[in-house]
Amino acid sequence: MAIIYKNLREHIVNVIPLIILYYLSISEIDTHFSNFFEILSFNLQIIIIYYWMLKNSSILGNGHIFFAGIINDVVMGLPLGISAISYLTVSFVASYVRQVTVNISLFTDWFTFLIALFFSNLVYIILASNFSNIQVSFVEISYNAFFTFLFYPFIWMIFNFYKKIMILRIDD
Amino acid sequence: MSSSRDDFGIAIRSALLKKGARQKFSLVFLLIVALTIFFLDTYQFKFIKVTRTLINDGIYRLTNISTAPFKLLPKINLSIKETFLATKENKELKIELEKLKSKEFQVEFLKNQNDNLKKILESDVKIKGKSTLAKVLLDKDSPYLKSIVINRGSKSDINKGMPVVDGNYLVGKIVEVNYLSSRVLLLNDLNSRIPITFGENSAQAILSGKGKRKPELEYLPELYVPRDGLTVFTSGKDGIFIPGIPIGKTEIDGEKLKVKLFSDPNQLSFVTVQLIKMKKENF
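Those protein sequences? They're chains A and B, same order as listed.
FYI, in my numbering the residues of the first sequence are 7 to 178.
FYI, in my numbering the residues of the second sequence are 442 to 724.
A hint or two may mislead.
Straight-line Cα separation of at most 27 Å, DSS-like style, residue types lysine-lysine; simulated pairs [as the list claims (entries may be wrong)]:
#, chain 1, residue 1, chain 2, residue 2
1, B, Lys576, B, Lys552
2, A, Lys169, B, Lys465
3, B, Lys718, B, Lys697
4, B, Lys516, B, Lys490
5, A, Lys169, B, Lys576
6, B, Lys601, B, Lys655
7, A, Lys61, B, Lys522
8, B, Lys490, B, Lys576
9, B, Lys512, B, Lys490
10, B, Lys535, B, Lys601
11, B, Lys653, A, Lys61
12, B, Lys601, B, Lys576
13, B, Lys601, B, Lys701
14, A, Lys170, A, Lys61
15, B, Lys678, A, Lys12
One-sided excerpt, in silico: chain B residues whose CB lies under 7 Å from chain A [claimed, not checked]:
#, residue
16, Ser455
17, Ile500
18, Arg502
19, Asn592
20, Ser595
21, Leu631
22, Gly677
Hints listed in this document are in silico derivations from the structure and should not be mistaken for laboratory results.
Note that CB positions come from ideal geometry on N, CA and C, so glycine has one too.
Chain A extracted, bound-state conformation:
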């Protein structure tokens, strides 16, 4: 009984970041606070993907990131696949950083997150402006990227605290 409870608890705790990722993609609960401050918007999905792919790739998985991107496109009315590509780019940078770094601190994470954010937005802008009818507002995207970068340390600290209560599997 104790083992079943322990396994169940471990499973629930480990699956929560994935649930948050899907929920943010599927729900109206967004991180665009134009009602409070017109330019304030940030992309929490990208932070979640980057953090967990960097720390423990088994928590999210590329397949789930892909599906979360597709769902996000449907909800936002964007061309199918554009968010998936953008999210997978972040996942790729995180995987690469995980391969080549040994000592991980908030500042190394924050700096490398900037690279992931740059490539993610670059891919989005290239695809949206060259292959679809969507008009892209570079200023809005820049504000979004800036605030996403700015909020990363706060979310990093929350996730780091959460990670401590997780029973981590051996990272593959």
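Following the hints, position chain B against chain A.
Leaving out everything else, chain B in the frame of chain A:
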């Protein structure tokens, strides 16, 4: 030098191809799939159009259900506040009731008169024609698109390009139609362009969304002197919108002439789609 280049290559290859114990797909495989879906969707292949319609309907319903608890929270909060207020008000009302009883007949007379006047006022600006009422399923605000999703689709004879109004005021037009749902592009979206008319001289201009709360007026007549507080109406020059639908009031903002919309695009819960007969889809 050569060793560091090798390390870089190995790390890239590993990040792209390594699946790991718990992952079924490699990153490169998923990137190829996502790119394929993107290009199929962008170039409007018929089968992906049908698939997207089905996915849209399913996910919109799911989104509506998943956000229902959060929509309930303000209502619960409001009902608690109302209960406290009601108790307080009840005491005050009992005292006032006696006073009001004496004025009852006078109030009733004034109320009837007021109602009749309101009806007369409303009938002057009513938009005529067939229409359907729709509930707003999704109004996810995004830095990229300002749009809402409504619970009426091709089943309710909705077509692309149909005007959408809130009460008597224009809020946008249909840009995507599914079987049970549709997407409305709001007036403040970056892609929105509406021909309008305003002022005593019936000046013509284009109402252009900028992604902000207030859209701007573009292509104004030459030497036009901007003025505050003029009501902006649709001109119907595009052959899509009925002429004379009220949109908002002009507002001077520096050198720009903006329009304060009558209907706040962030506060929509029910809208009406004007079922205008169209020769072809207008979008």
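(request) Sort out whether lysine 576 of chain B lies within 27 Å of lysine 601 of chain B, counting only the CA atoms. (result) Roughly 18 Å between the alpha carbons, so the hint for lysine 601 of chain B and lysine 576 of chain B holds.
(message) Against the 27 Å threshold, does the CA-CA distance of lysine 61 of chain A and lysine 522 of chain B hold or violate the hint?
(response) Violated: lysine 61 of chain A and lysine 522 of chain B sit about 45 Å apart, past 27 Å.
(request) Against chain A, run the beta carbon of leucine 631 of chain B and see if the smallest gap drops under 7 Å. (result) holds (5 Å)
(message) lysine 576 of chain B and lysine 552 of chain B were given as a pair; does the straight-line alpha-carbon distance stay at or below 27 Å?
(response) The given pair, whose Cα atoms are some 31 Å apart, is violated under the 27 Å limit.
(message) Does the closest beta carbon of chain A sit nearer than 7 Å to the beta carbon of glycine 677 of chain B?
(response) violated (24 Å)
(request) Verify the interface restraint on asparagine 592 of chain B: the C-beta must sit less than 7 Å from at least one C-beta of chain A. (result) violated (14 Å)
(request) Please work out if lysine 601 of chain B and lysine 655 of chain B have their alpha carbons no farther apart than 27 Å. (result) This hinted pair holds, its Cα atoms lying about 24 Å apart.
(message) Given the hinted pair lysine 718 of chain B and lysine 697 of chain B, is their Cα-Cα distance within 27 Å?
(response) Given pair lysine 718 of chain B, lysine 697 of chain B is violated - Cα atoms ~35 Å apart, limit 27 Å.
(request) Go through the hint on arginine 502 of chain B and say holds or violated, using the shortest Cβ distance to chain A against 7 Å. (result) violated (11 Å)
(message) Check whether the Cα positions of lysine 170 of chain A and lysine 61 of chain A lie no farther apart than 27 Å.
(response) holds (12 Å)
(request) For the pair we were handed, lysine 490 of chain B and lysine 576 of chain B, check the Cα-Cα distance against 27 Å. (result) Satisfied, since the Cα-Cα distance of roughly 24 Å is no more than 27 Å.
(message) Can you verify the interface hint for isoleucine 500 of chain B: is its Cβ closer than 7 Å to any Cβ in chain A?
(response) holds (5 Å)
Consistency note: the structure conflicts with the earlier hints numbered 1, 3, 4, 5, 7, 9, 10, 11, 15, 18, 19, 20 and 22.
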